[in-house]
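There are 2 protein chains.
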Amino acid sequence: MTRQQLFEQIQKKQSYLCVGLDTDLGKIPPHLLSSEDPIFEFNKQIIDATKDFCVAYKPNTAFYEALGAKGWASLEKTLNYIPKECFTIADAKRGDIGNTSALYAKAFFEQMNFDSITVAPYMGEDSVKPFLDFQDKWVILLVHTSNSGSHDFQLLETLDGKFVFQEVLYASQRWATADQMMYVVGATHADKIGAIRGLAPDHFFLVPGVGAQGGDLEAVSHVGMNAQCGLLVNSSRAIIYASSGKDFAEAAGREAQKVQQEMKTYLRKYLH
Amino acid sequence: MTRQQLFEQIQKKQSYLCVGLDTDLGKIPPHLLSSEDPIFEFNKQIIDATKDFCVAYKPNTAFYEALGAKGWASLEKTLNYIPKECFTIADAKRGDIGNTSALYAKAFFEQMNFDSITVAPYMGEDSVKPFLDFQDKWVILLVHTSNSGSHDFQLLETLDGKFVFQEVLYASQRWATADQMMYVVGATHADKIGAIRGLAPDHFFLVPGVGAQGGDLEAVSHVGMNAQCGLLVNSSRAIIYASSGKDFAEAAGREAQKVQQEMKTYLRKYLH
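Protein chains in written order, with the numbering used here: chain G, 40 to 311; chain R, 40 to 311.
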């Protein structure tokens, strides 16, 4: 998917919501457990209920790997079920030496046909570049994550007077343009998103941390939005586990719509 | 597996070789391709031929994920086939927010029963700690990797006058002892291994980059060895693809034995 196509979908749906499919056998409604593939059954109903209100889906691979080969099969079925107009993100946080990253790229872009994958930057350029060899596929690079540990190394200051996360931002812009790379910037760092937007004016940011992790959607939208929106704001638990009963899908749909309505307001207010 | 058990195996086999099972359908001998599970068939014969000469096996998960659910099943079968006395490493380079890292830990330590997993440090403490909640299981943290991109961020200098990789070394020693954590240090940085040993005297180092990547085994052993050896030196391609013919397993065994003989000499010379 191209940046323009993504923006068109955002305009059409008046939403920049990404629904995180962090599907956990311990948390899905018990009545699904007797179905042949409970994980896929849950995801299918969540997708049906939310697809009009979001523009992207982001399964975190950990939830599927925890179930072994069976979980991997559920992930493949889920991906195939997501409507073609939606942007798909493999939240895999991969990154390895060049020839190995090339295999991860093959796994997520060819074997599974995701639009994008999250990549960890620690191993540097040759660990990221193989993901950029695919037409209309995206790298979403970890820059400043939403968790508490994001302070440990991302906020180290270098001799250049920059934080490590800023060094990642500078270096990676030499590897790819805003048409192939997005950045992960946690909603819990709303104070820094404006500055990061200054350093990367055109890039899309994938913003986790709204919802269960406490980030503020309006604050993020205010400082982070650009002329093509430039934001995909993720919510996982607050949507997919909105109800633990038989009405889980309806409840997820209602929750996604609530966020979409809020986003519609912010698109009017902050798109520039 | 405990550190003491690993050292006993090193003494018994007079080897600190780790064989990397980077098994690629495009590189294995063509006569295997007609078998039901060519990846597992290849690994099985490689393990049979090398198990007396190495103390650890390290499948890199990328090679299995590139084949989807089927590859994941081959990985599970391979792990179950590895003799119990060998240390097993999931070279997965995972790391995510706390609750998600906990799921990766479950995937690799419970679902699959690996002894250890490689973890990327960029997301900090809460991304690493969940892997430490398992008895006799290990985190192998990326510190200074063997690839060219290791220069991009790992060698940034901080205001404290340290490289970023040294900051990782310091911080992570507050999270776990040498009984639960090892470090990845590339053989291509032999000049720095001595200094890293100074900062982490008791930890095991997993050292990739000998063989196809050009690292020097004697140099690494000289500066890196401690009283319990403290080294697992990995070789992948140079061993498993020693021959592309029907004699691939024999050739791999010969190659592994050659490395083991060299290691035997270095254990006499440098163990202290």
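Honestly, I wouldn't trust all of these hints.
As the list claims (entries may be wrong) - Each pair of labels, with its calculated beta carbon distance range: (1) R:Ser187 to G:Glu289: 46 to 56 Å; (2) G:Thr197 to R:Gly237: 22 to 32 Å; (3) R:Leu72 to G:Lys285: 46 to 56 Å; (4) R:Leu171 to G:Lys303: 53 to 63 Å; (5) R:Arg213 to G:Glu196: 17 to 27 Å; (6) G:Lys123 to R:Ser187: 29 to 39 Å; (7) R:Tyr209 to G:Arg213: 24 to 34 Å; (8) G:Pro240 to R:Ala266: 31 to 41 Å; (9) R:Ser73 to G:Lys109: 37 to 47 Å; (10) G:Thr216 to R:Ser187: 34 to 44 Å; (11) G:Ser187 to R:Thr216: 21 to 31 Å.
Simulated from the structure, these hints should not be mistaken for laboratory data. We put the CB at the ideal spot given by N, CA and C, even for glycine.
Outcome of the hint check:
no.: 1; hint: R:Ser187 to G:Glu289: 46 to 56 Å; verdict: holds, 52 Å
no.: 2; hint: G:Thr197 to R:Gly237: 22 to 32 Å; verdict: holds, 23 Å
no.: 3; hint: R:Leu72 to G:Lys285: 46 to 56 Å; verdict: holds, 48 Å
no.: 4; hint: R:Leu171 to G:Lys303: 53 to 63 Å; verdict: violated, 44 Å
no.: 5; hint: R:Arg213 to G:Glu196: 17 to 27 Å; verdict: holds, 20 Å
no.: 6; hint: G:Lys123 to R:Ser187: 29 to 39 Å; verdict: holds, 38 Å
no.: 7; hint: R:Tyr209 to G:Arg213: 24 to 34 Å; verdict: holds, 29 Å
no.: 8; hint: G:Pro240 to R:Ala266: 31 to 41 Å; verdict: violated, 55 Å
no.: 9; hint: R:Ser73 to G:Lys109: 37 to 47 Å; verdict: violated, 26 Å
no.: 10; hint: G:Thr216 to R:Ser187: 34 to 44 Å; verdict: violated, 22 Å
no.: 11; hint: G:Ser187 to R:Thr216: 21 to 31 Å; verdict: holds, 22 Å
Hints 4, 8, 9 and 10 from the earlier list are contradicted by this structure; the remaining hints agree with it.
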